[in-house]
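The chain contents come next:
2 protein chains.
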Amino acid sequence: MSSRKEWAYIKSKTAPKGLFLPKDKVNISPNDRGFMFADGVYEVIRTYNGKFYRLPEHLKRFQHSLDALRINFSDIPLIEAAIKELLARNKLPTGDATIYLQVTRGVWQRAHEFPPKSVRPTVYVEAARFVPQKEYARLGIAAITASDIRWGRCDIKSIGLLANVLARQRAVENGAMEAIFVRDGVITEGTHTNVFGVQKGEVITHPKTNHILAGITREAVLHLCATYGIPVCETFIPECNIPKLDELFIAGTTTEITPVIKVNGKPIGTGKPGKLTKALQVAFRDHVLAAAR
Amino acid sequence: MSSRKEWAYIKSKTAPKGLFLPKDKVNISPNDRGFMFADGVYEVIRTYNGKFYRLPEHLKRFQHSLDALRINFSDIPLIEAAIKELLARNKLPTGDATIYLQVTRGVWQRAHEFPPKSVRPTVYVEAARFVPQKEYARLGIAAITASDIRWGRCDIKSIGLLANVLARQRAVENGAMEAIFVRDGVITEGTHTNVFGVQKGEVITHPKTNHILAGITREAVLHLCATYGIPVCETFIPECNIPKLDELFIAGTTTEITPVIKVNGKPIGTGKPGKLTKALQVAFRDHVLAAAR
Numbered sequence: 026m027s028s029r030k031e032w033a034y035i036k037s038k039t040a041p042k043g044l045f046l047p048k049d050k051v052n053i054s055p056n057d058r059g060f061m062f063a064d065g066v067y068e069v070i071r072t073y074n075g076k077f078y079r080l081p082e083h084l085k086r087f088q089h090s091l092d093a094l095r096i097n098f099s100d101i102p103l104i105e106a107a108i109k110e111l112l113a114r115n116k117l118p119t120g121d122a123t124i125y126l127q128v129t130r131g132v133w134q135r136a137h138e139f140p141p142k143s144v145r146p147t148v149y150v151e152a153a154r155f156v157p158q159k160e161y162a163r164l165g166i167a168a169i170t171a172s173d174i175r176w177g178r179c180d181i182k183s184i185g186l187l188a189n190v191l192a193r194q195r196a197v198e199n200g201a202m203e204a205i206f207v208r209d210g211v212i213t214e215g216t217h218t219n220v221f222g223v224q225k226g227e228v229i230t231h232p233k234t235n236h237i238l239a240g241i242t243r244e245a246v247l248h249l250c251a252t253y254g255i256p257v258c259e260t261f262i263p264e265c266n267i268p269k270l271d272e273l274f275i276a277g278t279t280t281e282i283t284p285v286i287k288v289n290g291k292p293i294g295t296g297k298p299g300k301l302t303k304a305l306q307v308a309f310r311d312h313v314l315a316a317a318r
Numbered sequence: 026m027s028s029r030k031e032w033a034y035i036k037s038k039t040a041p042k043g044l045f046l047p048k049d050k051v052n053i054s055p056n057d058r059g060f061m062f063a064d065g066v067y068e069v070i071r072t073y074n075g076k077f078y079r080l081p082e083h084l085k086r087f088q089h090s091l092d093a094l095r096i097n098f099s100d101i102p103l104i105e106a107a108i109k110e111l112l113a114r115n116k117l118p119t120g121d122a123t124i125y126l127q128v129t130r131g132v133w134q135r136a137h138e139f140p141p142k143s144v145r146p147t148v149y150v151e152a153a154r155f156v157p158q159k160e161y162a163r164l165g166i167a168a169i170t171a172s173d174i175r176w177g178r179c180d181i182k183s184i185g186l187l188a189n190v191l192a193r194q195r196a197v198e199n200g201a202m203e204a205i206f207v208r209d210g211v212i213t214e215g216t217h218t219n220v221f222g223v224q225k226g227e228v229i230t231h232p233k234t235n236h237i238l239a240g241i242t243r244e245a246v247l248h249l250c251a252t253y254g255i256p257v258c259e260t261f262i263p264e265c266n267i268p269k270l271d272e273l274f275i276a277g278t279t280t281e282i283t284p285v286i287k288v289n290g291k292p293i294g295t296g297k298p299g300k301l302t303k304a305l306q307v308a309f310r311d312h313v314l315a316a317a318r
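Here the protein sequences line up with chains A and B, keeping their order. For the first sequence, this note's numbering assigns the number 26 to the initial residue and increments by one for each residue that follows. For the second sequence, this note's numbering assigns the number 26 to the initial residue and increments by one for each residue that follows.
If you're looking for bench data, these hints aren't it; they were derived computationally from the structure. Treat the hints with care, since some could be wrong.
Said to hold, decoys possible - When the alpha-carbon atoms are kept at most 35 Å apart in a straight line, the in silico DSBU-like pairs for lysine-lysine are as follows:
| hint | chain 1 | residue 1 | chain 2 | residue 2 |
| --- | --- | --- | --- | --- |
| 1 | B | Lys38 | A | Lys109 |
| 2 | B | Lys42 | A | Lys50 |
| 3 | B | Lys142 | A | Lys291 |
| 4 | A | Lys116 | B | Lys50 |
| 5 | A | Lys269 | A | Lys303 |
| 6 | B | Lys233 | A | Lys159 |
| 7 | B | Lys76 | B | Lys291 |
| 8 | B | Lys233 | A | Lys50 |
| 9 | A | Lys76 | A | Lys30 |
| 10 | B | Lys233 | A | Lys109 |
Said to hold, decoys possible - FRET-style restraints, in silico, Cβ to Cβ:
| hint | chain 1 | residue 1 | chain 2 | residue 2 | range |
| --- | --- | --- | --- | --- | --- |
| 11 | A | His248 | B | Pro268 | 44 to 54 Å |
| 12 | A | Gly120 | B | Ala113 | 32 to 42 Å |
| 13 | B | Thr279 | A | Ser172 | 28 to 38 Å |
| 14 | B | Thr279 | A | Asn235 | 23 to 33 Å |
| 15 | B | Pro292 | A | Glu227 | 50 to 60 Å |
| 16 | A | Arg163 | B | Lys142 | 25 to 35 Å |
Keep in mind that this is a model prediction, so the values were computed, not measured. Idealized CB from N, CA, C, for every residue including glycine.
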C-alpha cells in the first residue's frame, strides 16, 4: 500500500449526503448489514491507461445483484460520479487501476429480516493503482481443485465470500494461484474467475446458471471465440476430465486471461500455456485497447 | 431502541487495546474482512434475570467457529470480561438481556487470501435488553419452508447469513415468523433456530452434520428428552412428511422452545401447540432457571 493519501467515497447513516474521505477515515457502523449479515453486493472494475473497460456492463450487473437481493438502491449516476472523482483524487487519470464498489442494506439494529424502508443503503467506493501480474499471464499459473461449498446463488455478486476466502487460502498454501471449484463432480468456476477448458480445439465453460457469476471477461472470451471462429460449448467439465484437457485457462477482471498449466500438481496438456489460450490473450489485449477508450 | 446511551466493546486496528464506547461511536473499517468477505463468526448469548445461560458452552462453540475458519483468536477471557463490563455499563444486572459477539479476521487491503499473521482480528461485543415474545411461545407461530441454498458449512456460526436474511424476510412477508430450510428434500433447520418434529410420541430432529448448527438450546432439548424419557431420533424429516407430524417446534437462544402450528398455511396436528411441546417448554423453563444462576 502506498503511503500517499488514498481517498474513498462513503454514503451511509452517518454520512447521508456522501463524502470523499481519506480511506483510513472512513467509518462503517458495526450494525451495518454488510458487517453482520454479508447483506450487500460489490463490483470490481478496471481501467486501462485511465479508460474504463466495460463500465456500463459492470454497473448493469451491479444493479442486477442489488435487485436480486432487493436492496433498494438504483442511483447508478451517483456511483459513476464517485468513481470518476476518486480516479482524479487518487491521481489515476492514466495507467491501470481497479475500482471497488460495495452497497449494503444499511444500518439497523440486528435482526435477520430487512430493516424498515426508511433505512438507506450504505455505499462505499475505493480506487487504487493496479499492477498486472504479467508473469502469470505469460508463464501460466498452478491451480488446485476445491469442493464448491458456496451457496446456491453464485450468480449474485454478493459479499458473502467466506468459501472463496477459504479455498483461495488453501490454493496459496499449496503454491497455487487459484482454486477451481467442483460441484457435483463438475468444474463451476474459480474463487474470483471463470474457468475454461480446451479440448480438440473447442473451448468449454460452465453454462450461465445460479452456480457461477456471469463474468464480464467471460462474455468477452465468448465474443472473441465467436469472432475468430473458435467453437465454444457451454457445458460441464467433469473433474475427472481435467487430465484429458489440452488447455485450461481462467478469466476475470483483474486476471484477464491467464493460462492454468497445472492442477493439483499435475500438468495440463504440455504443461505450458496452450496455443489457443495464447491466441485468445493476444485477441483480448486488442479487444481491451479498443474497448477501453 | 432505547435513547439511553448504549455501550459496546471494540478491539480493532484503530483501537488495538480495546475500548468501551457508546455504540454509535464504534467504527469499523471498510477494509474489515467482516465487511468485505463475511470473514468472521458470532455468538448470541442470553441472560435470565442477570445470569448467564450456558456461557461456557457458547464460548466453546465460538472458539470452535474461530478455529474452523483459522481465525487466530483465542482470548476468551477478554471476551468474558467485555461481556460482564457491558452488562454493567448498559444497566443489565437484572432482567433479560442478549449479548452479541463477533470476531472477524481483521483489517487489510482487499484480497481473498488471509492477511499476514501480524493482522489482528477485530472483536466487537454489544449487549441489550431482551423482551421475550411470550405470545409466540404460548400460542405458537406460523412458518414457511424455504429452499436451503446456504453454503456447506452451516456448523460454523459465520456471519455469512445472506441466505438466512432472504428466507426470514420471505417468512415475514408471508405472515410467518420463521422459515424452515429444506435441503435435498429434508428439513435441516430454521434461519436462526433448530427444528424438531414430533410423531407418535417421538421427537425427531436433523442429526448434527455440516448442514446445521449444533444449537445449545438443541442440546438442552435432547437432554430434557433423555431426562423425561421422551424418545428421540436424530434423523431426517422429509418435507413431504410435514403434514403427518403431530407437533412441530423450533428452539434457539432467543426463541427458547416455540411451537410451530402452521407451515405454508397448513395446520400442524390440531393447529394448536402440542402436548409434548408444551411439556418441554415447562421443563425448559425449570432447566433455565436452574442453569442460569
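Now for the hints, and whether the structure bears them out:
no., hint, result
1, B/Lys38 <-> A/Lys109, "29 Å, holds"
2, B/Lys42 <-> A/Lys50, "19 Å, holds"
3, B/Lys142 <-> A/Lys291, "30 Å, holds"
4, A/Lys116 <-> B/Lys50, "32 Å, holds"
5, A/Lys269 <-> A/Lys303, "19 Å, holds"
6, B/Lys233 <-> A/Lys159, "47 Å, violated"
7, B/Lys76 <-> B/Lys291, "39 Å, violated"
8, B/Lys233 <-> A/Lys50, "44 Å, violated"
9, A/Lys76 <-> A/Lys30, "22 Å, holds"
10, B/Lys233 <-> A/Lys109, "51 Å, violated"
11, A/His248 <-> B/Pro268: 44 to 54 Å, "51 Å, holds"
12, A/Gly120 <-> B/Ala113: 32 to 42 Å, "54 Å, violated"
13, B/Thr279 <-> A/Ser172: 28 to 38 Å, "33 Å, holds"
14, B/Thr279 <-> A/Asn235: 23 to 33 Å, "32 Å, holds"
15, B/Pro292 <-> A/Glu227: 50 to 60 Å, "56 Å, holds"
16, A/Arg163 <-> B/Lys142: 25 to 35 Å, "31 Å, holds"
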